[in-house]
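Protein chains in written order, with my numbering: chain A, 1 to 305; chain B, 1001 to 1305; chain C, 2001 to 2305; chain D, 3001 to 3305.
I should point out that these hints are in silico values taken from the structure, not numbers from a laboratory. Among the clues, some could well be false.
[As the list claims (entries may be wrong)] Simulated crosslink set (DSBU-like; lysine-lysine; CA at most 35 Å straight-line): (1) B:K1253 - C:K2253; (2) C:K2253 - A:K253; (3) D:K3253 - B:K1253; (4) B:K1253 - A:K253; (5) D:K3253 - A:K253; (6) C:K2253 - D:K3253.
[Unchecked claim] Pairwise CB distance ranges (calculated): (7) D:A3054 - C:P2262: 49 to 59 Å; (8) D:G3163 - C:D2093: 50 to 60 Å; (9) C:G2290 - A:D193: 30 to 40 Å; (10) A:A192 - B:D1259: 37 to 47 Å; (11) B:D1126 - D:F3256: 27 to 37 Å; (12) D:D3289 - B:D1126: 43 to 53 Å; (13) D:G3195 - C:A2275: 33 to 43 Å; (14) D:T3096 - C:P2268: 35 to 45 Å.
Please read these numbers as outputs of a predicted model, since none were measured by experiment. Using N, Cα and C, we set each Cβ at its ideal position, and we do this for glycine too.
Number of protein chains: 4
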Amino acid sequence: MPAPYQLGPNQYGKAQVRLVRVDRDTPRHRVSDLSVTSQLTGDFTAAHTEGDNAHVVATDTQKNTVYAFAREGVGAPETFLLRLADHFTGSFDWVTGGRWEAEQYAWSRIPTAASPQGHDHAFVRDGGETRTALVVRDSDATTVLAGLADLVVLKSTGSEFVGFPRDEFTTLADADDRILATSVTARWRYAADAGPLDATAYDRAYEAARAAMLDAFAETYSLALQQSLYAMGSAVLDAVPEIAEVRFSMPNKHHFLVDLTPFDLDNPGEVFSVADRPYGLIEASVLRDGADSADAAWALVGGFC
Amino acid sequence: MPAPYQLGPNQYGKAQVRLVRVDRDTPRHRVSDLSVTSQLTGDFTAAHTEGDNAHVVATDTQKNTVYAFAREGVGAPETFLLRLADHFTGSFDWVTGGRWEAEQYAWSRIPTAASPQGHDHAFVRDGGETRTALVVRDSDATTVLAGLADLVVLKSTGSEFVGFPRDEFTTLADADDRILATSVTARWRYAADAGPLDATAYDRAYEAARAAMLDAFAETYSLALQQSLYAMGSAVLDAVPEIAEVRFSMPNKHHFLVDLTPFDLDNPGEVFSVADRPYGLIEASVLRDGADSADAAWALVGGFC
Amino acid sequence: MPAPYQLGPNQYGKAQVRLVRVDRDTPRHRVSDLSVTSQLTGDFTAAHTEGDNAHVVATDTQKNTVYAFAREGVGAPETFLLRLADHFTGSFDWVTGGRWEAEQYAWSRIPTAASPQGHDHAFVRDGGETRTALVVRDSDATTVLAGLADLVVLKSTGSEFVGFPRDEFTTLADADDRILATSVTARWRYAADAGPLDATAYDRAYEAARAAMLDAFAETYSLALQQSLYAMGSAVLDAVPEIAEVRFSMPNKHHFLVDLTPFDLDNPGEVFSVADRPYGLIEASVLRDGADSADAAWALVGGFC
Amino acid sequence: MPAPYQLGPNQYGKAQVRLVRVDRDTPRHRVSDLSVTSQLTGDFTAAHTEGDNAHVVATDTQKNTVYAFAREGVGAPETFLLRLADHFTGSFDWVTGGRWEAEQYAWSRIPTAASPQGHDHAFVRDGGETRTALVVRDSDATTVLAGLADLVVLKSTGSEFVGFPRDEFTTLADADDRILATSVTARWRYAADAGPLDATAYDRAYEAARAAMLDAFAETYSLALQQSLYAMGSAVLDAVPEIAEVRFSMPNKHHFLVDLTPFDLDNPGEVFSVADRPYGLIEASVLRDGADSADAAWALVGGFC
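Start from the sequences, fold in the hints, and give me the full structure.
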């Protein structure tokens, strides 16, 4: 029999419920494509210590709920997750909070000779970044986070890295013109006093935040990836007043100028090799002045952001 | 000492040489981003049976050659691989052929407030499909293949699957309106008598083939994924006269209509779950009449296509 | 010019430095194979707001330091990371803490006819789980965490799931004999007052914790995966007194009994299909009584554990 | 309407049917864990050209058949696939052949304090290599291939690479003591005249082939990875008389000696960095004298081997 140790923080649920919702009220269909995760927190001690499942809302039930709720439409991922949060915390006394997360994959209409503006019901999946949303609720508060993952960007010039400290282990030379490339993962937190927005507002905020960070990445002459990051975060806060904080995790995807001198060739910033590992990893938060810290919510994000 | 067994088919080289080439002759940069594999065939028996490396052009040398050749520009992946093929078979008597392969990743200019037509040197990587190229040479012949991988498409209606045979293990019901989704991997073979094209022609053929298969996927009312495939292949052959054959490997990415009746809800083709595995897998070739079969080249593709 | 927003939490460094260290002081070699990540915290504001790199110890320097430190040997991953933490916080005034992480991959000697006890310098990589270590330091405290990832286990009987609440979205039937399978990711925290252990002690603790959790998984008749988790955590705390807390993230890898009745076959717990997604996800912490909570350290783990 | 192009080679079926079979005739359970792919060839022209599914044995039916056949036991993957081949070619006139493939994942009993010889029904998944099997049938012949994937091995000494040709693009120095590491993918072909073996014989052959290649890798002083490969192939042919040919695809997983001289440290073969890409790729076949070539079967393998 196990010793009577203490049960610490815990959460459980169903991960990666793959949901495609077709809006077909008109012949011009719309597609929502998501992977949804639902995790509950509350009083689940007896399940752990005694195997008593009386409080364990089955993860299968959580999955069913995702699909049933999709019957009424998905809207924005943020609003869909908020509906799930309200349902689970409202339906079971012992469920006091949880963590609901979504990844959303974008699709574009296929342009055809017959439908140059895009086909009514044929789509090609956009590659590029994934849109993310995360709702964290505990008894006191609900935090809405949104973001994107894997937005890969590159500057072929307009980036340098000089003036860093040199110690006994430093061999890197100053670089006054280098390729700067990264895969942006960003997550922003809506201010608590902004209240829940509607689906259209979340969608607009997503587009505005994405455009702002791309613009700032492109237009910033970069002295350090940290500087680009801070500029991108500032641009997001400029663009969307409801956002209190934005965090980034940005790997520095190193592009090395290939030394072609053994082959009697110069290489004026033209031929680069690309490494997978190791990579630089730059992570930081940019906060609106006076923003609440919301540390408890960030601790449940599952990574720096 | 090993018994004197026979050395069979063999090839060796360097795989996944990651190359980024920046064309910066004007302030409006262009970026070529590739993963290149070079493998040689010929007389390498002594390396296997005696560890005699006199014929073994080092894989490191093959990598260096890729980077050195990029100094003069990349062009289309097909033309770049042909240059490598000519070099290796022309430089070493005992190298009689080989297999040169590339994946190419596309980048778009970032539109900014200051440069709405796209920034001069800041780019965002397109997701979506990867462009592929493969040159196979043996003493007699050179085969140029091109294609794409992971072009993910979906029709939300306009697809059915009925009339299939029913045996003791059949439980699937007829479907007269289903989601049809697949991730297209395609590879086409240029006719031997088309000769090598120039870079612009390979690029145009790529765009034309891609557009043709998307159009055919969208516009075909699909009775079977096989039928869509054949239509897509025919469209490619219609669009690009230099192509002799096109092959597809198309997983049927199953979308299952969720049964919502336990929740007193109907589901008129709106809410779907998506499975990763198992998946249908449909693979076929469409050939121009009278096309040569080129079986030897396809055997080196590394898969159905 | 970016608005004067506030820089929030930030960390940066080099990720996934792949290091193989061969101990060859005797002909019977030993191999240490790790992926090491080093991230620094401290005063890096100027890099973000002004692009001033005077404080930015280059990530390349961090990589070099990893390799240089390996020259004196690796020892246990925990002790190797502690050496790095001491170095970086001791060498740069403005570096007040950081996060150093390792994954370690195990190798076994190849048994041969000539060396049935295992070859001196030929190894086969163990699959299975990865050993992990993480050292988190801030100005006040150093936390040592260790663990493993991807230890995949399965019980073919001795598991049930009954007595869970049923609501309008519940369709799952009670299961009184099911397959229970999971991929264990665990991380345990050494008590602050245990002080740093030596390499041998960390290695022994790892083996003891791993064995304890496997034993508890196997021997617990499982009424819920939560119950198995709690038993496994308790067993770890029983086995290693220096551990204050252990956390688990355990996906419930669903195995579904296939309905063979359409084929006039029964299926008495023998034939199962396996799903990838969605999956249950059970996450919890088991704490020794009176253990400090160390929330700040867990927040930097990068996930539940 | 598509032009009347010719349908070339084609095959279709269900990929990656995940099957776990528990043999529970005694309390000491046994587990078979496989991913099975079934693809049919024959007359499927009408499905492609007209969307007529009268010949299209549904991929769902193929999946059901896999599960139904597992009710009687799995045996060796080779024998299981042969049963599927016989069924499909024997049940449908127009199915003249196909391609049946399996990956098998190994599990070990968990040793516990109460059951030091391993628990009756609790298992831990072995990592390391995956066992593979492939049956290719056309109207004339059945070819049985077996193998393994991802057997990762390393020699910390006893490997050199010297004497290779030097051209204008060669910069690699001779190495007279290097780490040799590779991830072995091997596939062997049973001689047609060996006939189908029984499950026990296939299992024994697998173990013997695996042991032989490990022994040869370890005991061969390697002048080239090609030489190690040939020795490994010869050892397999020595060990299992029923095998006519064995093919290998072996990436050269480069381990680079780190230059520590900038830090006033020597590095006598002790500290290595490891690269993911690019990598050497060595592929070759070793044939028993007089073995038939079976090129048609290899063309369906989906890669060099």
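Which numbered hints fail: 7
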